[in-house]
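Trainee: These are the residues of each chain, in order.
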Amino acid sequence: MMKTRKIILHESQIMKIHYITAIAALFVVAVHILMRLIMPYSMSLQYENVVVNYHNIPYALLLESILVLIAIHGFNGLRVILLEFRQNEIWENGITIFTIAAMIAIIAYGTRTIIMANQLGL
Amino acid sequence: MKEIIKKIGMIKNGNRKDDNNRKEILRNNVVVKVFRANRSKGDFVSYDSFEVPVQRWTTVLEALLYAKSYLDSSIGIRYSCRMASCGSCGMKINGIPRLACYTKISELEGSTITCEPLANFPLIRDLVTDFSQFFNHHKKMQPYIHNENSVMTDSKKLIEFKQSVEEVDKYLQFSYCIKCGLCYSACPTVATDTKFPGPQALSQAYRYYADTRDNDTKERLNIVDEKHGIWRCHFAGSCSTVCPKGVDPALGIQLLRGHLMGFSKNEKKIAKLHNRSTS
Amino acid sequence: MERSKESDYDRNNREGLKGWLNPSRYGWERISYWLQRLTGVFLLIYFIGHVYETSSLTRGPDAWSAMLELTQTPWGHLFLILVIGTSTFHSANGIRLIFTHAGKGLGKPGRPDYPYDAMSLNYRQKSGIWVALILAAVAMLYGSSVLLGGE
Chain L
1 MMKTRKIILH ESQIMKIHYI TAIAALFVVA VHILMRLIMP YSMSLQYENV
51 VVNYHNIPYA LLLESILVLI AIHGFNGLRV ILLEFRQNEI WENGITIFTI
101 AAMIAIIAYG TRTIIMANQL GL
Chain F
1 MKEIIKKIGM IKNGNRKDDN NRKEILRNNV VVKVFRANRS KGDFVSYDSF
51 EVPVQRWTTV LEALLYAKSY LDSSIGIRYS CRMASCGSCG MKINGIPRLA
101 CYTKISELEG STITCEPLAN FPLIRDLVTD FSQFFNHHKK MQPYIHNENS
151 VMTDSKKLIE FKQSVEEVDK YLQFSYCIKC GLCYSACPTV ATDTKFPGPQ
201 ALSQAYRYYA DTRDNDTKER LNIVDEKHGI WRCHFAGSCS TVCPKGVDPA
251 LGIQLLRGHL MGFSKNEKKI AKLHNRSTS
Chain U
1 MERSKESDYD RNNREGLKGW LNPSRYGWER ISYWLQRLTG VFLLIYFIGH
51 VYETSSLTRG PDAWSAMLEL TQTPWGHLFL ILVIGTSTFH SANGIRLIFT
101 HAGKGLGKPG RPDYPYDAMS LNYRQKSGIW VALILAAVAM LYGSSVLLGG
151 E
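Chains as they are written, first to last, in my numbering: chain L, 1 to 122; chain F, 1 to 279; chain U, 1 to 151.
Here chain L stands alone, though its shape is the one from the complex (with noise of 0.2 Å):
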């Protein structure tokens, strides 16, 4: 039995929003990764030192927004990748389902990381 579903975004719009949270990306984790320049790798990854960086409210924010952007980014990849196998109702809902249950439990626990690390004392 065929259920006609009420469509809530198109493919055009999910697609459009792919492309954006691409070039989103692109900057905030360019920023992020050329963090690395403020001071030698090794002391970059000692506890205190990353902790400082939570503590920061505009890094903060900009790691909020990598896990955000990346999280949709990436999962609608995946959905893509994982319509085309196979095609029926039971999969495509599945995939569906699949991708946004991801995306939410992704930025929650990433979103947990941050704010608890935010609260950390030293």
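If you are wondering where the hints come from, they were derived from the structure by calculation, not from laboratory data.
Note that the structure is predicted; figures quoted are calculated from it, not measured.
It is possible that part of the hints are untrue.
Cβ pair distances, simulated, as ranges [what the hints assert, rightly or not]:
1. L:Arg112 to U:Leu78: 56 to 62 Å
2. F:Lys268 to U:Asp113: 22 to 28 Å
3. F:Lys139 to U:Ile134: 44 to 50 Å
4. L:Asn88 to F:Phe44: 26 to 32 Å
5. L:Met39 to U:Ile134: 24 to 30 Å
6. L:Trp91 to U:His50: 26 to 32 Å
The beta carbon of each residue, even a glycine, is placed where N, CA and C say it ideally should be.
Given the structure of chain L, go ahead and fit chains F and U onto it with the hints provided.
Mentor: Just chains F and U, lined up with the frame of chain L:
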């Protein structure tokens, strides 16, 4: 930068030898390995080898027809025009989809030429495949002019759409498609996605989108804006690599997507009807 | 003799996943499609692992040190160099794909003539693939100098 790109192009084409400077491998005879299976009989797949004498310009189709005429008349093969005009003889030759009549033995390497049916099409027998789903995808794109203003019933009026040469050039190359199915066979998305229309159908969607005689551009975009529509094309370019007529379906699909994304503006002016009897 | 599978017939003799292997049959654009997918999936797996490994921060300095012991090893460094290379390729090729998907850089339709070479497979956008590969190699070299060179 342009100079560097031009030089790379010249280096790439530099070691070709024939009239277009392509490398020719001359042989007196060649072994043609043909895929054999009869779907309706539930046959196992097997390969039969035939040794065929060849000359400088013998095509794969001629070699196969020699094998069929003198060695094994049961070979199933589809062909018609023998001049890359009808698109009937599409098959996988040494792993790549090509037209058998358009492929010379001398341009293929190795002493064995393997001929298999086109991938991504249901098999009927040996080298013959079923094109119904391919044509259904094409029909879904509504491959005809949508223009409610054109009056076709009144035969006394001689009317025509006025189109300039520049307007025709915008879609002309896509109209050269012979529906041979090579692009559909080469496409990596078609390899796994049964609902994807394929490069041929999508490039024909652009052919009608770009035609100034057609005035239903919104509907044409809606047809392709689907989960398994134009968005499942990833510009792997294999379709354009194998197209024998220079249709370049990849170009058509990306141009259509540019319009769908809003990157390219639709500057099409709908062609006006011209009454020839009063000219 | 190969056994014919009924499942092959059901799915229209489609190449399936096997069709994705050996991208070199069809030229550079097919190779870049293959690499873009491969690097994308790899980076997604890395991303999930990275979000998990950085969460060890919340469990205190000991958990963080244990995580560092696991990752700051020669194999860990090599893996990270691979991540640097794949992310550079995926980003640079991705930018090229955004342009080409929008129909830019592919030329205009015209009147095809023998040998019917495709306008869209021109060197201008093809060179984007090579630039992406070169940038990835350069990034990996820089990454190796930092991670393996000691800093």
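Trainee: Within 22 to 28 Å or not, the Cβ separation of Lys268 of chain F and Asp113 of chain U?
Mentor: For Lys268 of chain F and Asp113 of chain U the Cβ distance comes to about 25 Å; the hint holds.
Trainee: Mind checking the hinted window 44 to 50 Å against the Cβ distance between Lys139 of chain F and Ile134 of chain U?
Mentor: holds, 45 Å
Trainee: Is 26 to 32 Å right for how far apart the beta carbons of Trp91 of chain L and His50 of chain U are?
Mentor: Holds, since Trp91 of chain L and His50 of chain U (Cβ atoms, about 29 Å apart) stay within the stated range.
Trainee: For the range 24 to 30 Å, tell me whether the beta carbons of Met39 of chain L and Ile134 of chain U fit it or not.
Mentor: This hint holds: roughly 29 Å between Cβ atoms.
Trainee: For Arg112 of chain L and Leu78 of chain U, compare the CB-CB distance with the range 56 to 62 Å and indicate the outcome.
Mentor: violated, 30 Å
Trainee: With 26 to 32 Å as the target window, see if Asn88 of chain L and Phe44 of chain F comply at their CB atoms.
Mentor: Roughly 29 Å apart at Cβ, these two residues keep to the hinted range, so it holds.
Consistency with the previously given hints fails for number 1 only.
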